[in-house]
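Visitor: Single-letter residue listing:
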Amino acid sequence: MNNNYDDNKISLKGTGGFLKLVIPADMEHDDLWRGMEKIIEEAEGLLSNVGIIVDFNQRNVTFELLSCFINDFILKYDLKVGSWLSKDTETLNLFRKLALKSSENDTPAMRSSGKGKEALIIKNSLRSGQRIEHHGDVIVIGHVNDGAEILATGNISVFGKLKGLLHAGYESDEENVITCNCFEAKQVRLGGKLSTVINHQSNLWGKPVIISLEKDSLHMREIEC
Amino acid sequence: MESRVIVVTSGKGGVGKTTTSANLSVSLARAGYKVVAVDADIGLRNLDLVMGLENRVVYNFVDVIEGSCRLNQALVRDKRVENLFLLPAAQTRTKDAVNPSQMVALTEDLKKEFDFVIMDCPAGIEGGFQNAAAGADEGLIVTTPEISAVRDADRIIGMLESLQKSPNRLIINRVRPKMIKGGDMLEVEDVLDVLAVKLIGVVPEDPSVIRSTNSGEPLAFANDSPASKAFENIASRLTGVDVPFLDLENMNGSGFFTGFKKLFRFSR
Chain G
1 MNNNYDDNKI SLKGTGGFLK LVIPADMEHD DLWRGMEKII EEAEGLLSNV
51 GIIVDFNQRN VTFELLSCFI NDFILKYDLK VGSWLSKDTE TLNLFRKLAL
101 KSSENDTPAM RSSGKGKEAL IIKNSLRSGQ RIEHHGDVIV IGHVNDGAEI
151 LATGNISVFG KLKGLLHAGY ESDEENVITC NCFEAKQVRL GGKLSTVINH
201 QSNLWGKPVI ISLEKDSLHM REIEC
Chain Y
1 MESRVIVVTS GKGGVGKTTT SANLSVSLAR AGYKVVAVDA DIGLRNLDLV
51 MGLENRVVYN FVDVIEGSCR LNQALVRDKR VENLFLLPAA QTRTKDAVNP
101 SQMVALTEDL KKEFDFVIMD CPAGIEGGFQ NAAAGADEGL IVTTPEISAV
151 RDADRIIGML ESLQKSPNRL IINRVRPKMI KGGDMLEVED VLDVLAVKLI
201 GVVPEDPSVI RSTNSGEPLA FANDSPASKA FENIASRLTG VDVPFLDLEN
251 MNGSGFFTGF KKLFRFSR
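Chains as they are written, first to last, in my numbering: chain G, 1 to 225; chain Y, 1 to 268.
Looking at chain G on its own, in the form it has when it is part of the complex (with noise of 0.2 Å):
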């Protein structure tokens, strides 16, 4: 999954327990549905399995719009709808008309402690070739496979294996930490710092270990139960 920061272009990111599906307010309509397509089919299977929040920025939103977007991206696709947003006030009306949850405070965001940040929890296995990216931290009930990547600025929790490829305090000058349950990555990221060479002659392979950064240094050690 690509997060797209391109303002002329449909972007992802991550807040909460939800990703957030940001709109551009001046995009044109078949231009919209090219990019729901295009997003869609890049994120493949997060969408519904982590919930979204749709975000139509200033765009005025007609109910025929809006119909077709339910019938065409959220039903078809089997989305789950955490919130509307919108910053234009007839959008907002025919959001409360069809009583459709308007205000991104009602969705049910999971905070991490201590730091503020909001968590992105995913309940699935990460499978080769997707790709998250988040402000904040990460937990992944199940497995990150080979091939597959987490960008995150707050700390990484991985409760299965660990295989694919973490990048924990991404842009961050905080503190963070990357935990999984059982280590097999060739490599991870925490800060500006790359892991050296792992391989699986290191004994800490197959263990569950922690990762922070110590002296301006990555260090690794194992997670006593």
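Some clues are possibly wrong.
Only some residues are given here: those of chain Y computed to face chain G with a beta carbon under 7 Å [what the hints assert, rightly or not]:
(1) 151
(2) 158
(3) 190
(4) 198
(5) 200
Calculated from the model, a selection of chain Y residues having no Cβ within reach of chain G, i.e. all distances over 10 Å [said to hold, decoys possible]:
(6) 31
(7) 67
(8) 68
(9) 69
(10) 72
(11) 113
(12) 154
(13) 181
(14) 189
(15) 196
If you want the ones that stay clear, here's a sample from chain G, every Cβ over 10 Å from chain Y, calculated [what the hints assert, rightly or not]:
(16) 36
(17) 63
(18) 64
(19) 68
(20) 78
(21) 145
(22) 177
(23) 203
(24) 204
(25) 212
(26) 213
By construction, these hints were calculated from the structure, which means they are not laboratory data. All residues carry an ideal CB built from backbone N, CA and C; glycine is no exception.
Put chain Y on the given structure of chain G with help from the hints.
Guide: Positioned in the frame of chain G, the structure of chain Y alone reads:
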């Protein structure tokens, strides 16, 4: 019965998709079902060779889609078994000769005539895969016990899930129990732990596969080799028959099925 369209796919090339498609099609036809094997690999068709029907190909499904012939004209009947047909791919065209919506329309037409539509998917995740998967209801993922094939299978399962194909079931091909025993090959359990989909069959490495491919006589006709039996069992399981897995332990002196109990630690 309601017609079923099954895409046989893998992501990686050379793992046995075409061999699997041919043998499952033969086994299902021998079991009395009306079956069409569709070669969805436009530009690199092989299924006609593996099924030994290359001399009888006149039209292909691209001709059907373009309206150059009727569907019945492009279907090649296999004379060795009743109710088995091949719908060949075009060899002189490329994957972009058709699009997913045309493939959906084609499979809808095939569903009216056949109990099973077996789509032999090309390798890769681009247009060829998208076309083959478009009209399919369910997926059969073929992999070998190699890390490269398993990673590609993982990718393709993710794509099938995103296309809402279900169920997606796994065939592990070319298993060598002796290598597994020696620690030189991934165990079935390891493959399942990564891919987390239901296993429908394990096919042992079998030299007779190469002989049958070269002779254009699918193994399922002979019915006497380990691989042939494995394909026949997979076909039975596809139809809902509960068939025990082959006892490769005694066949080859290895105990690699002992770990099956720990499957699906993280189910999807």
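Visitor: Look at each hint and say if it fits the structure.
Guide: For each hint, the structure was consulted:
1. Interface hint at residue 151 (chain Y): satisfied, since its Cβ lies 5 Å from the closest Cβ of chain G, which is below the 7 Å cut-off.
2. At its closest, the beta carbon of residue 158 (chain Y) sits 4 Å from a beta carbon of chain G; the interface hint therefore holds under the 7 Å criterion.
3. Because the closest C-beta pair between residue 190 (chain Y) and chain G is about 11 Å apart, greater than 7 Å, the hint is violated.
4. A distance limit of 7 Å between C-beta atoms decides the matter here; for residue 198 (chain Y) the minimum to chain G is near 15 Å, and the interface restraint is violated.
5. Hint on residue 200 (chain Y) is violated. Least Cβ distance to chain G is approximately 19 Å, over the 7 Å limit.
6. Here residue 31 (chain Y) stays apart from chain G, with its beta-carbon at least about 33 Å from theirs, past the 10 Å limit.
7. Once the 10 Å rule is applied to beta carbons, residue 67 (chain Y) is consistent with being away from chain G; the minimum gap is 27 Å.
8. Every CB of chain G lies more than 10 Å from the CB of residue 68 (chain Y), the least distance being 30 Å, so the non-interface label holds.
9. No Cβ of chain G comes within 10 Å of the Cβ of residue 69 (chain Y); the nearest lies about 32 Å off, and the non-interface call holds.
10. No beta-carbon of chain G is positioned within 10 Å of the beta-carbon of residue 72 (chain Y); the least distance is around 33 Å.
11. No beta-carbon of chain G is positioned within 10 Å of the beta-carbon of residue 113 (chain Y); the least distance is around 28 Å.
12. The Cβ of residue 154 (chain Y) does not lie farther than 10 Å from every Cβ of chain G; its closest approach is about 4 Å, which violates its non-interface assignment.
13. Every C-beta of chain G lies more than 10 Å from that of residue 181 (chain Y), the closest at about 19 Å, which supports listing it as non-interface.
14. Under the 10 Å C-beta cut-off, the non-interface status given to residue 189 (chain Y) relative to chain G holds; the minimum distance is some 13 Å.
15. Non-interface status of residue 196 (chain Y) relative to chain G is broken: a Cβ of that chain comes within 10 Å, the nearest being about 6 Å off.
16. No beta-carbon of chain Y comes within 10 Å of the beta-carbon of residue 36 (chain G); the shortest separation is about 14 Å.
17. A cut-off of 10 Å between C-beta atoms confirms that residue 63 (chain G) is not in contact with chain Y; the least separation is 27 Å.
18. Even its closest Cβ contact with chain Y, about 24 Å, leaves residue 64 (chain G) beyond 10 Å, as expected for a residue assigned away from the interface.
19. Non-interface status of residue 68 (chain G) relative to chain Y is upheld: no Cβ of that chain comes within 10 Å, the nearest being about 19 Å off.
20. Once the 10 Å rule is applied to beta carbons, residue 78 (chain G) is inconsistent with being away from chain Y; the minimum gap is 8 Å.
21. Not every CB of chain Y lies more than 10 Å from the CB of residue 145 (chain G), the least distance being 5 Å, so the non-interface label is violated.
22. Consistency note on residue 177 (chain G): stated as away from chain Y, and its beta-carbon is indeed over 10 Å from all of that chain's, at 22 Å minimum.
23. Distance check on residue 203 (chain G): its Cβ is at least 19 Å (rounded) from any Cβ of chain Y, clearing the 10 Å threshold; non-interface status holds.
24. Every C-beta of chain Y lies more than 10 Å from that of residue 204 (chain G), the closest at about 20 Å, which supports listing it as non-interface.
25. In this structure residue 212 (chain G) is separated from chain Y by more than 10 Å, as the shortest Cβ-Cβ distance comes to about 25 Å.
26. With a least beta-carbon separation of about 29 Å from chain Y, residue 213 (chain G) lies farther than 10 Å from that chain, consistent with its non-interface assignment.
Comparing the model with each numbered hint stated earlier shows that hints 3, 4, 5, 12, 15, 20 and 21 do not hold.
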